[in-house]
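Q: Next come the chains, spelled out residue by residue.
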Amino acid sequence: MGSHGIKDQVAIIGMGCTQFREQWDKGTDDLMIDAVGDTLASAGVAKEDIDAWWLGTAQSGMSGVTLAAPLKLQGKPVTRVENYCATGSEALRQACYAVASGAYDMACAVGVEKVKDSGFQGLNAFPIPHDGTQRSLTAAAMFSLVAPAYAERYGVDPTELRRVLARIASKNHYNGARNPRAQFRREMDVDAICNMPAVAGMLSVFDCAGVADGSAAAIVVRAEDAYKYTDKPIFVKALSFVAGNGSGLLDPDFDYTHFDECEMAAKDAYSQAGITNPRKELAMAEVHDCFTPTELVLMEDLGFSERGEAWQDCEAGVFDLGGDLPINTDGGLKSFGHPVGASGLRMLFECWLQLRGEAPEDRRIATADRGLALTHNLGGYPGEMVSFVGIWGSELS
Amino acid sequence: MRGIIGAGGYLPHWRLQRSAVSAVLGGAPGKGTRTVAAYDEDALTMAVEASRQALRGQEATPTSMWFATTSPAYMEKTSAPIAHAALRLPADVAAADAGPGLRGAAMALRSALKSTESAVLVATGDVRTGPAGSPDERDGGDAGAALLIGDDTAGSLIAEYLGSGSATREFLDRWRAPGELRTHGWEERFGEQRYAALAEAAWSSALSDAGLGADSVQRVAVVGPHARAAAGFSKKLGAAGTEVIDSLAGSVGFSGAAHGGLLLTHLMESSSAGTVVALVSMADGADVFIFRTTGVAKASYTVAEQLAGGDDSLTYAKYLAWRGVLPMQPPNRPEPARMSASAAERRLDWKYGFVGSKDRESGALHLPPARVSFVGGATDEMDPAPMADIAATVATFTVDSLAYSPSPPVVFAVCDFDGGGRLPVELTDVRAAEVSIGMKVEMTFRRIGTADGIANYFWKARPAQGSRGGA
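Protein chains in written order, with my numbering: chain A, 28 to 424; chain B, 16 to 486.
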């Protein structure tokens, strides 16, 4: 028994991604139709060519009918999946396995979220009947618990840490400003972010992901078929997923300065892909920067920085667009926006553009020749989360 | 011998300076303070906190319990079973409300003292308020009190019961319809005279029942909603040489159904062994109870200690908001959905009793209780782990200005319990700026919120007594 992965067995041959923003004039159906249309065009195939579909949406619809009805699919299997904010990656993962298994020749993963119809700011979970003892904190507050714990453990002055977090947000705004699909396209300097009023712990709204409507999709085929459709396919090097057992909420040994689920998922993914030094081998990474402390801790969980050193690496610009390992070159959740079910596929879309050399020139990375990119997508909260790590490559090894 | 086995008073952390009221509304400068139930406290939670004091360290378990208040969360539903669950009393302990009228508390005490049951818990609590500027807002106070009454065979007595007297005659003095904020009153002089006669009759009857002369009673507490009537009878007793203790009008206010138990507890806590003490309760009739203190000391957080603690910087605006007199704009977030009755009942010991589970093999604590251990993975190898009285330490914390709360912001901490166990939980009775990693906290039973008319109770953590200056 073991996790073996499907390295180089399947490939992505087409992708599409809508703009992420408050799309008052577009519903869930419109977003999916647009993203799927772009994706089919990108691969040069018709929707009838797709043998099976996976739809990831956290709470914009239930069942495969959510996709089959607006697209008027004819007699095709559509599976709706949900895995917190890693829902889009989950849809993609299932589509990849379906093709790798030989069950289907061509599968499509679609992620969508229409979050701006709720009437409230932020994300609001669907209420499940409960005993009245559950927490009522916002996600921002749950992730803000990381900041004082990190400062305490590594002896970082809270004011210094505040600047580091602001620098992460500022970097992602810088990248997002160079992305026409991004929700927020204004650069923000570190001082301006530091001066924003705190809303959750030391976090201001500028430490939080944008809340946007959007959709993204990808088409998956067997690796040996990939070049029939494109001369620049992206191959699956690793897919890993860990659903945490919530022990961080029970266990006093969990110190809120790392996310075990992410560390475990990364370890599995590196093993599948044969990566030993991610900081040097990866061209880039798209990580789940739902809040700025999340991105900080992920740099350590994903092995990009030593424990306790990510804050210094952030300050040194290691993860900037022109840095040693560019992170969230499309602006990330922070600037691109976070339509829950679409985000995992949006991350892959940036890797697709960068590895194929198709990213706009003003945000094109210099490290693309390393040929490997990582997407990291999580859901839940510190102590109780799910984590996906995918590794993607421009060449078969 | 029957008597009082345990007693506990509970004063909420927050106090309102009466001058803060007059500063806003005008009029003569108010004097002293009144106690204020926080937004997440009600009569029941304060009765539970007082009962936890009264029952702490006791071998005696009550066979029945009464809950008395004039401010219940429900009209149709009985509240006492909620306290029964929070106190983790066995299923064969009967629990019912004595109320909602103001005299219910005294009658519950009387029936407990005259009962043949080995031990009876009388739990009381009240939130006293009224329209802005009303005498009830100014002179009322919020508190809880609990008395464990029983035979000395059930537990050592802190005070022996010597006798009681009672007098009843219908007259209309104060009234409040269900749901009404304002309590109305008849002309003061009428009630004053009616109460004087009733108190006199009950006093004589109690002395006779106890076989004592008037000069044998050394210290007395007089309580009642009619301040002039209570003061008049106090003056009469004082003139006869009996010491009448401070009614706490200047520091707590009249705490309704809780005030008799609160003052009796204070009276016993402040009297030396062998003192003959009496409680005179003048509420829609008169009831007098006479006891002799034994000098048996039981660990508790005394009323005097609580009087010395607390935080009196509460603004009048926040007070009005907490009582719902001043409607406030909530955060633009969905209001929490109501709890599920069946889900709550399944988790009764957790939700109300704060009982987790402990893995027999690894000793790992699980809050909430779990069937499968996070250490070792054993299934159904757990023992119940009552955690309500275990102190904890803040591991990390945050302040959430965005989350829905009846009184934003939400102050929240990851709390690690002494001896093991962790729970990320809301803090209460605390200012955000006071919280730090390493702060000691203790658990307190609170009303988390209300949805669809359902009062939702659970536990929060508050700074441990003694962990902050003055408290």
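It is worth saying that the hints were derived from the structure and are not from the lab. Beta carbons: idealized from backbone N, C-alpha and C, even for Gly. Worth double-checking, as some hints may not be accurate.
[Unchecked claim] Quick partial rundown of chain A residues pointing at chain B, CB under 7 Å, derived from the structure:
1. A152
2. P154
3. H157
4. T165
5. S171
6. E179
7. G182
8. P185
9. C221
10. M223
11. A227
12. L277
13. H285
14. D287
[Unchecked claim] The list that follows gives simulated cross-link-like pairs (lysine to aspartate or glutamate, EDC-like), each with its CA atoms no further than 20 Å apart:
15. K143/A x E91/B
16. K46/B x D151/B
17. K455/B x D280/A
18. K455/B x D398/B
19. K455/B x D278/A
Q: Is K455/B within 20 Å of D398/B, Cα to Cα?
A: violated, 26 Å
Q: So if I understand the rule, the pair passes when the alpha-carbon distance is 20 Å or less; does K143/A with E91/B pass?
A: Distance of about 41 Å is beyond 20 Å: violated.
Q: Can we keep the G182/A interface hint, with Cβ of chain B closer than 7 Å?
A: Not OK, violated: G182/A not within 7 Å of chain B, min 13 Å.
Q: What's the verdict on K455/B and D280/A, does the C-alpha distance respect the 20 Å limit or exceed it?
A: Holds. K455/B to D280/A sits at ~18 Å (cutoff 20 Å).
Q: Is the hint on L277/A kept, meaning its closest Cβ partner in chain B is under 7 Å away?
A: holds, 5 Å
Q: With chain B as the partner, please determine if H157/A meets the hint condition of a C-beta pair closer than 7 Å.
A: Holds, because the Cβ-Cβ distance from H157/A to chain B comes to roughly 6 Å (cut-off 7 Å).
Q: Would the hint on A227/A be counted as holding, given a Cβ-Cβ threshold of 7 Å to chain B?
A: holds, 5 Å
Q: Holds or violated: is there a CB of chain B closer than 7 Å to the CB of D287/A?
A: violated, 12 Å
Q: Under 7 Å, Cβ to Cβ, is where S171/A needs to be relative to chain B, so tell me if that hint holds or is violated.
A: holds, 4 Å
Q: Let me know if the C-beta of P185/A comes in closer than 7 Å to any C-beta of chain B, holds or violated.
A: violated, 11 Å
Q: Decide if the proposed pair is consistent with the structure: K46/B and D151/B, CA atoms, cutoff 20 Å inclusive.
A: Judged against 20 Å, a Cα distance of about 14 Å means the pair holds.
Q: Min Cβ distance, T165/A to chain B: is it shorter than 7 Å?
A: Because about 5 Å separates T165/A from the closest Cβ in chain B, which is inside the 7 Å limit, the hint holds.
Figure legend: structure checked against the earlier numbered hints; hints not met, in rising order: 1, 7, 8, 9, 10, 13, 14, 15, 18.
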